[in-house]
Amino acid sequence: MIAILDYGSGNLRSAARACETTGNEVVVTSDPNVALEAQGLVVPGVGAFAACMAGLLAVGGDEIIRKRKLLDRPTLGICVGMQILFSEGTESNGQGNHVTRGVGLWDGEVSKIKAEILPHMGWNTVRPEALSPLFSGVENESFYFVHSFAAKKAVGIRTAWTEYGETFVAAIEDGALTATQFHPEKSGAAGLVLMKNWANTL
Amino acid sequence: MTLSVRIIPCLDVTEGRVVKGVNFTNLLDAGDPVEMAALYGAEGADELTFLDISASSSGRETTLDVVRKTADQVFIPLTVGGGIRSVNDVNQLLRAGADKISINTAAIKRPELISEIAETFGSQVLVLSVDARRARTNSGFEVTTHGGRERAGLDAIEWVERACELGVGEILLNSMDADGTRAGYDIGMISAVRAVSSVPLIASGGAGTLQDFAAALDAGANALLAASVFHFGVHRISDIKTYLSEQGYSIRESALG
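Protein chains in written order, with the working numbering: chain U, 1 to 202; chain R, 1001 to 1257.
Calculated from the structure, these hints are not laboratory results. Certain hints may be false.
With a straight-line Cα cutoff of 20 Å, these simulated EDC-like cross-link-like pairs (lysine to aspartate or glutamate) come out [claimed, not checked]:
| hint | chain 1 | residue 1 | chain 2 | residue 2 |
| --- | --- | --- | --- | --- |
| 1 | U | Lys-114 | R | Glu-1165 |
| 2 | U | Lys-152 | U | Glu-129 |
| 3 | R | Lys-1069 | U | Glu-20 |
| 4 | U | Lys-196 | R | Glu-1165 |
Residues from chain R that keep clear of chain U, each with C-beta distances beyond 12 Å, as calculated [to be verified]:
| hint | residue |
| --- | --- |
| 5 | Gly-1044 |
| 6 | Asp-1046 |
| 7 | Ser-1058 |
| 8 | Ser-1139 |
| 9 | Glu-1150 |
| 10 | Glu-1161 |
| 11 | Gly-1188 |
| 12 | Gln-1211 |
| 13 | Asp-1218 |
| 14 | Gly-1248 |
In this text the structure is predicted, and so the values were computed from the model without any measurement. The beta carbon of each residue, even a glycine, is placed where N, CA and C say it ideally should be.
All chains, please: the whole structure from these sequences, using the hints.
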């Protein structure tokens, strides 16, 4: 069973439907026990880092994600759901930059992309590392991105990269913890293969 | 690694059917929205846009249902516009499965709606739809409402600048002069909007020949929206992508179909 963590963020319906195509039972939940016990947990996320982090803390999602990591239970963070796994995010709030603390499973900062036109919106190709189980069969495909902030340093066991204005992290594989900056649930057939690859680790 | 140009079929939906007219009138029935969305998804559409042009509340409920059914089977981004007046309207559409929403008239009436939506859901969900035509304003372009029938009393370029400051994440620029004519996108209008904005720009209205699509990109568009050329079989999405690829533009190709 795959749980989609409902913390007031994201198009949960699409994430749930994409997970269902892997053949697993899917529940959308904010119940900490269900989210902790599920074979797989998906942490979606759209919007601002600070707002998502506030929503995550409100349902105790940070503790759930940390416990799952200790128990070696697979978790997949998507878009801002990936970014909040880092130690901090910097974001302008109109009165200059401010820093929001993330869950902190990876050391690093999520900062604004240096590009003329933002958000980075649309389909971009990704450079995965060789023998990446997550990208098996979709190494040369495009995925759908929509974001203005990104992590720029390698973390975890394998880092996949993309480029828009500058080079930044597209995906991370780190044992039980997996994350994508792009939206596999919005990346057509390639995204569904990637979801299936992740579901195969459950 | 390069960001691809997006090809976006637009489905104008009323009472659960897709329609398309010329200059927003003379509407012709073009098909079932969910079936057409699935077909365009399979043909390589990079996004889909639904414009709800129904006026009645029953029509709006039908549109929510169309969004749900489409989001359940088409795994590409879905933008929905038409009649959105409040943060709650946005919430309903996002929960039904929309990824982005586009606003037009309600933002002109009350520009703060832009910042309210951006602050609640993030700028990336918010597309400002600008229906503009050539006129004697400061920039030579003015904003219209009600499907081009009424003047909004706004200069189009000044409006785009203001809306960007308020927090829109993308601009859908529709030329009311060119809409449905297949005589080409309004290149001057695209350049003028590009010059004052730093968010992605979708060109709309007037797509006819394959060269028209390339011309809009050269003028600064990041994505290309069209309706009638797709609905009535003038071009397939793959024809446009093949042409643009030959011309050196980056397009999305998938080995997975």
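Given the hinted pair Lys-114(U) and Glu-1165(R), is their alpha-carbon gap at most 20 Å?
With a Cα-Cα distance of about 19 Å, the restraint between Lys-114(U) and Glu-1165(R) holds, given a limit of 20 Å.
What's the verdict on Lys-196(U) and Glu-1165(R), does the C-alpha distance respect the 20 Å limit or exceed it?
violated, 41 Å
With 12 Å as the threshold, tell me whether Ser-1139(R) passes as away from chain U on beta-carbon distances.
It holds; Ser-1139(R) is separated from chain U by about 20 Å at its closest Cβ, greater than 12 Å.
Does Asp-1046(R) clear chain U by more than 12 Å, comparing its Cβ with all Cβ atoms of that chain?
The assertion about Asp-1046(R) is violated, with a minimum of 6 Å to chain U.
Status of the stated non-contact between Gly-1044(R) and chain U (beta carbon gap over 12 Å)
violated, 9 Å
Beyond 12 Å from every chain U Cβ - status for Gly-1188(R)
For Gly-1188(R), whose nearest Cβ neighbour in chain U is about 20 Å away, the distance exceeds 12 Å, so it holds.
At 12 Å, judged by beta carbons, does Gly-1248(R) keep clear of chain U as stated?
With a cut-off of 12 Å, Gly-1248(R) remains clear of chain U, as the shortest Cβ separation is near 16 Å.
Could you check that no beta carbon of chain U comes within 12 Å of the beta carbon of Glu-1150(R)?
holds, 30 Å
Given as non-interface: Gln-1211(R), partner chain U, CB spacing beyond 12 Å
holds, 22 Å
Would the non-interface assignment of Ser-1058(R) survive a Cβ cutoff of 12 Å against chain U?
Given a closest Cβ separation of 22 Å, the condition holds.
Pair hint outcome, Lys-152(U) versus Glu-129(U) [Cα-Cα no greater than 20 Å]
holds, 16 Å
Can the restraint linking Lys-1069(R) and Glu-20(U) be considered satisfied, given a maximum Cα separation of 20 Å?
holds, 15 Å
Violated hints, listed in ascending order, are 4, 5 and 6; each of the other numbered hints is respected by the structure.
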